[in-house]
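> Sequence:
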Amino acid sequence: MLYHEQLASLLDRWRFRRGTRRLPTHGDFRFTDLQPWIGHIGLVEIQGGQTAEPHMKVRLAGRRLVEYDGADFSGKYLDDVVPEYARGEILRPYLTCVRKQAPQYSVFTPDNPELEGYRMHRLLLPTTSNGKDIDLVLVGIYVDRWEEAEGNSSGTIYDLMSLTGS
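Numbering of the sequence shown is given in the numbering used here, commencing with residue 1 and proceeding in unit increments.
Calculated from the structure, these hints are not laboratory results. C-beta: ideal position from N, C-alpha, C; glycine also. Do not take every clue at face value.
Computed Cβ-Cβ distance ranges for the label pairs, DEER-style [as the list claims (entries may be wrong)]:
| hint | residue 1 | residue 2 | range |
| --- | --- | --- | --- |
| 1 | E84 | R15 | 12 to 20 Å |
| 2 | T20 | S106 | 24 to 32 Å |
| 3 | D133 | G19 | 15 to 23 Å |
Simulated crosslink set (DMTMM-like; lysine to aspartate or glutamate; CA at most 25 Å straight-line) [said to hold, decoys possible]:
| hint | residue 1 | residue 2 |
| --- | --- | --- |
| 4 | K100 | D12 |
| 5 | K132 | D28 |
| 6 | K132 | D69 |
| 7 | K57 | D133 |
| 8 | K57 | E89 |
| 9 | K76 | D135 |
| 10 | K100 | D28 |
| 11 | K100 | E89 |
| 12 | K100 | D133 |
| 13 | K132 | E5 |
| 14 | K57 | E67 |
| 15 | K76 | E53 |
| 16 | K100 | E53 |
| 17 | K100 | E5 |
| 18 | K57 | D28 |
| 19 | K57 | E45 |
| 20 | K57 | D69 |
| 21 | K57 | D72 |
| 22 | K76 | E89 |
| 23 | K100 | D72 |
| 24 | K132 | D12 |
| 25 | K57 | D33 |
Turn these sequences into a full structure, and let the hints guide you.
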């Protein structure tokens, strides 16, 4: 179940562009299709998607994603930029998205009771260039109450959410 209105509408757009096929292609999306979510989306390139451990490279990060991460990770591999303690929790859904060739929705909540109500919603939408292999994932991320958190956290979503990995 998807509990975020903007991400639910992004999923609807992905389904519309997919049509009756299993996966949409990159070319199915126009810039105007993504405009309502533009600051909250990113593109992650999947290299070696059919291998046991594909590499995931940030091709594009929207303005809000840059704020959440505390830096622009465009052109960098997720393994290199996601803190080690959060890698399992952050990267596992990408692997599931690639293997199942299906959207993945995650909600992360902070462990700190003082931060009740803060949530990070993330939707991963697989796309293909050849009709069968996932080689690009469209990522949508929203953080509830982020504006309130900006002055109280150390500056990144990982710190706010106290992601521990698993």
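> Indicate, hint by hint, whether the structure satisfies it.
Cross-check of the supplied hints:
Between E84 and R15 the CB atoms are about 35 Å apart, so this pair departs from the stated range of 12 to 20 Å. A hinted range of 24 to 32 Å holds for the C-beta pair T20 and S106, which are about 27 Å apart. At roughly 19 Å, the beta carbons of D133 and G19 sit within the given window of 15 to 23 Å. A C-alpha spacing of about 19 Å is found between K100 and D12, which places the hinted pair at or below 25 Å, so the restraint holds.
Restraint check for K132 and D28: the C-alpha separation of about 15 Å stays at or below 25 Å, so the hint holds. The hinted pair formed by K132 and D69 fails the criterion: a straight-line CA distance of about 31 Å is larger than 25 Å. A distance of roughly 16 Å separates the Cα atoms of K57 and D133; the hinted pair therefore holds under the 25 Å criterion. At roughly 17 Å between alpha-carbon atoms, K57 and E89 fall within 25 Å of each other, so this suggested pair holds.
Distance check on the hinted pair: K76 and D135 sit about 16 Å apart at the alpha-carbon level, within 25 Å; holds. Taking the CA atoms of K100 and D28, the gap is about 20 Å. The hint holds against a cut of 25 Å. A threshold of 25 Å between alpha carbons decides the hint, and for K100 with E89 the separation of about 17 Å falls inside it, so the pair holds. As the CA atoms of K100 and D133 are separated by approximately 11 Å, the hinted pair is consistent with the 25 Å bound.
Between K132 and E5 the CA atoms are separated by roughly 29 Å; this puts the pair beyond 25 Å, and the hint is violated. A threshold of 25 Å between alpha carbons decides the hint, and for K57 with E67 the separation of about 18 Å falls inside it, so the pair holds. For the suggested pair K76 and E53, the alpha carbons sit about 16 Å apart, so the restraint of at most 25 Å is met. Restraint check: the Cα-Cα separation between K100 and E53 comes to about 14 Å, which is no more than 25 Å; the hinted pair holds.
With a C-alpha separation of about 24 Å, the suggested pair K100 and E5 falls inside the 25 Å cut-off, and the hint holds. In summary, the hint linking K57 to D28 is supported, as the alpha carbons are separated by about 21 Å, within the 25 Å threshold. Annotation: proposed proximity of K57 to E45 holds, straight-line Cα distance about 5 Å (limit 25 Å). Straight-line distance between C-alpha atoms of K57 and D69 comes to about 15 Å, which keeps the hinted pair within the 25 Å bound.
Proximity of K57 to D72 is assessed by CA-CA distance (about 12 Å); at most 25 Å being required, the pair is judged to hold. A distance of roughly 19 Å separates the Cα atoms of K76 and E89; the hinted pair therefore holds under the 25 Å criterion. Our distance criterion of 25 Å between C-alpha atoms is broken by K100 and D72, whose separation comes to about 28 Å. At most 25 Å may separate the alpha-carbon atoms for a hinted pair to count; K132 and D12 meet this at roughly 21 Å.
Between K57 and D33, the direct Cα distance comes to roughly 23 Å. Compliance with the 25 Å bound is thereby established for this hinted pair.
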